Amino acid sequence: MSDLYTINKSPFEKNSLDSALKFSKAGTAVLLYEDAVYAAVKGTAVEEQIKAAMGDKKVYALGPDLAARGIAEDRVIDGVELVDYTGFVDLVEANDKVQAWV
Amino acid sequence: MSDLYTINKSPFEKNSLDSALKFSKAGTAVLLYEDAVYAAVKGTAVEEQIKAAMGDKKVYALGPDLAARGIAEDRVIDGVELVDYTGFVDLVEANDKVQAWV
Amino acid sequence: MKLAVQVNEGPYQHQASDSAYMFTKAALEKGHEVFRVFFYHDGVNNGTRMTTPPQDDRHVVNRWVELAEKYDLDLVICVAAAQRRGIVDEGEAERNGKDGTNIADKFRISGLGQLIEAAIQCDRTVVFGD
Amino acid sequence: MKLAVQVNEGPYQHQASDSAYMFTKAALEKGHEVFRVFFYHDGVNNGTRMTTPPQDDRHVVNRWVELAEKYDLDLVICVAAAQRRGIVDEGEAERNGKDGTNIADKFRISGLGQLIEAAIQCDRTVVFGD
Amino acid sequence: MSEVKKFMYLNRRAPYGTIYAWESLEVVLIGAAFDQQVSLMFVDDGVYQLVKGSKPADIEMKNFTPTYRTLGDYGVRHMFVDKASLEARGLTQDDLIEVEWEDWETEEEVDNIVEVIDADKVVELLDESDVVFSF
Amino acid sequence: MSEVKKFMYLNRRAPYGTIYAWESLEVVLIGAAFDQQVSLMFVDDGVYQLVKGSKPADIEMKNFTPTYRTLGDYGVRHMFVDKASLEARGLTQDDLIEVEWEDWETEEEVDNIVEVIDADKVVELLDESDVVFSF
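Protein chains in written order, with the working numbering: chain A, 1 to 102; chain B, 103 to 204; chain C, 205 to 334; chain D, 335 to 464; chain E, 465 to 599; chain F, 600 to 734.
If you are wondering where the hints come from, they were derived from the structure by calculation, not from laboratory data. A portion of the hints provided could be inaccurate.
To be verified - Once the Cα atoms are required to be at most 25 Å apart in a straight line, the calculated BS3-like pairs of lysine-lysine come out as: (1) B:Lys160 to B:Lys144; (2) F:Lys720 to B:Lys124; (3) C:Lys274 to D:Lys432; (4) F:Lys682 to B:Lys124; (5) B:Lys159 to F:Lys720; (6) C:Lys206 to A:Lys97; (7) A:Lys25 to A:Lys42; (8) F:Lys682 to B:Lys127; (9) A:Lys42 to F:Lys651; (10) B:Lys124 to B:Lys153; (11) B:Lys127 to B:Lys153; (12) A:Lys22 to A:Lys58; (13) B:Lys199 to B:Lys159; (14) D:Lys440 to D:Lys364; (15) A:Lys97 to C:Lys234; (16) B:Lys144 to B:Lys124; (17) A:Lys57 to A:Lys22; (18) E:Lys470 to C:Lys206.
Quick caveat: nothing in here was measured; it's all calculated off a predicted structure.
Could you build the full structure based on these sequences and the hints that come with them?
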């Protein structure tokens with residue numbers, strides 16, 4: 001099946017990102033939202049982890065949550081695709097199921 | 103001053119233990135309670151971190167929280183002192199202030 | 205697409221209820237069917253009519269109510285979780301000897317079976333939590 | 335020793351309120367003075383009289399009430415946090431046009447100044463949160 | 465929808481510190497009334513939910529570990545545990561409860577449906593599920 | 600107690616994802632009415648609270664970053680930021696808001712009371728405080 005993994009926790013505070021990536025297969029769509037959008041930023045301690053994940057997975061980040069936190073789009077890692085809430089809905093529709101890594 | 107640091111989160115889920123230990127000085131009393139008692143167990147991935155901390159800090163764990171989670175006393179790292187809620191109160195009294203690393 | 209949405213946290217403390225609302229609203233506006241929004245754990249606290257947030261802040265509860273009015277949305281609060289947290293409708297008040305209610309209009313209290321049923325019936329189940 | 339206790343989470347969802355209660359009880363039994371227990375954030379949800387937990391489970395709210403009765407404990411709910419979460423006493427109901435109250439006996443709603451004052455007055459401030 | 469869905473309960477939290485483990489279990493119990501195929505997955509701190517010997521009397525909470533032992537009677541056929549999560553916590557299968565299962569119609573019996581698996585298998589099982597519940 | 604206590608607000612959480620940052624700030628604002636010496640410490644995800652340019656309109660939340668800028672008027676003399684926490688998040692002091700401070704009696708002025716410090720200094724400052732608030 002095609003899966004959408006949603007992650008909403010900061011990668012510096014909780015293990016959700018680590019765990020979601022560890023238990024995902026190639027082709028999984030990963031949506032970072034709420035405090036998890038910090039993982040989508042260039043130059044952080046988890047940048048390499050996100051880049052490695054993008055080797056065989058598609059990574060998305062919720063634009064409204066990035067904007068709320070003062071993160072300009074040019075600070076987002078290249079290749080991470082920004083979506084709004086409608087895009088979130090589209091991702092849910094495009095995949096067979098959703099797994100929340102709360 | 104003498105400080106009591108309280109930690110209540112699992113070291114495998116959140117960064118509270120890492121952070122509390124990083125920002126503590128020699129002589130700090132560290133009390134593990136609630137899900138943080140898992141850090142007091144022998145043979146885990148954080149055992150060395152706790153042992154290193156015990157080099158210049160005193161580590162306590164709340165007995166009732168260990169018992170609730172099925173951890174027998176003989177599985178607790180040597181040198182970690184078990185206290186009950188009265189012991190928790192005594193630690194608060196014995197130190198100048200309490201810092202919660204929630 | 206037919207959607208089930210689960211909300212595990214209360215209003216304001218965590219963004220979960222906000223995200224669930226924004227997602228649900230976007231899905232409805234796109235023409236999808238939201239079969240049910242199920243409030244579990246502290247999520248039941250979204251269903252109290254007693255909140256009075258600051259005037260310059262969003263009203264998390266009323267927002268759900270307005271969405272339910274506009275789209276005839278089924279907002280279900282888990283009864284077991286509600287009993288632990290103190291969300292009460294008339295039936296619950298009578299059953300448990302409470303002297304009043306605090307449930308907001310458009311929310312209803314029901315069993316966990318409503319969550320399972322929604323997950324069985326729907327194409328997707330989306331969970332918002334802490 | 336004179337103690338201030340702060341509780342940042344609601345009943346049941348997190349152990350914070352349980353730990354705060356057990357700690358406070360132990361301190362009182364040892365003869366210490368607990369100047370005030372201040373409920374902040376979702377902690378305000380500890381002060382509702384509408385809960386009906388399962389019979390084989392502890393009653394987190396009533397336990398606080400009983401401790402307050404026995405030791406004349408000052409249980410203070412932050413007004414700003416209470417407004418967001420929907421904890422209402424008679425004064426708040428009148429001020430905000432609510433048709434009822436849900437605050438439990440022995441709890442009172444007051445301002446954040448009560449927390450600062452407690453921290454200034456007391457020998458130790460102990461925080462329980464998530 | 466006549467097809468029987470595969471439900472997976474993904475448990476990633478420790479018991480007692482928060483209520484998620486217990487209220488998740490309540491969903492599983494209620495779910496027994498519905499026609500679905502139910503599995504439970506324990507990863508990260510979720511593996512602590514199955515540790516035996518819990519005695520929460522001194523924190524005044526209810527001991528709900530015995531309830532896991534009855535899950536075979538509630539339509540749960542599989543309880544999977546991530547091996548690496550166990551190892552990082554200094555645990556082995558010997559530390560975990562056992563859960564019996566019996567099919568009343570065929571009289572097929574399984575002594576213990578708690579199964580320790582590796583990460584690849586976790587991924588495969590999550591992937592095969594139709595609904596994944598996270599609490 | 601006539602002695603003025605040193606209050607330290609220890610901020611370790613990101614804004615918006617949870618309410619702790621905002622409700623902690625409300626305590627600081629109310630605290631201005633009391634006679635104490637107030638400092639704020641930002642470590643771990645707490646450093647995100649001071650990042651400028653927040654625009655939460657599309658998540659329908661109130662932008663509370665401007666409130667931090669006024670803290671100098673609310674009796675806050677120091678806002679400390681842990682250097683390593685900033686670095687791990689790809690941030691520098693340029694990404695943070697500035698907070699002015701002025702002593703109305705002595706007319707002493709400070710352009711920016713936000714100060715990036717190293718871990719040893721964090722420990723020292725926490726240690727010197729009489730009360731540490733954690734939200």
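(Q) Need the list of violated hint numbers for this structure, in ascending order. (A) none
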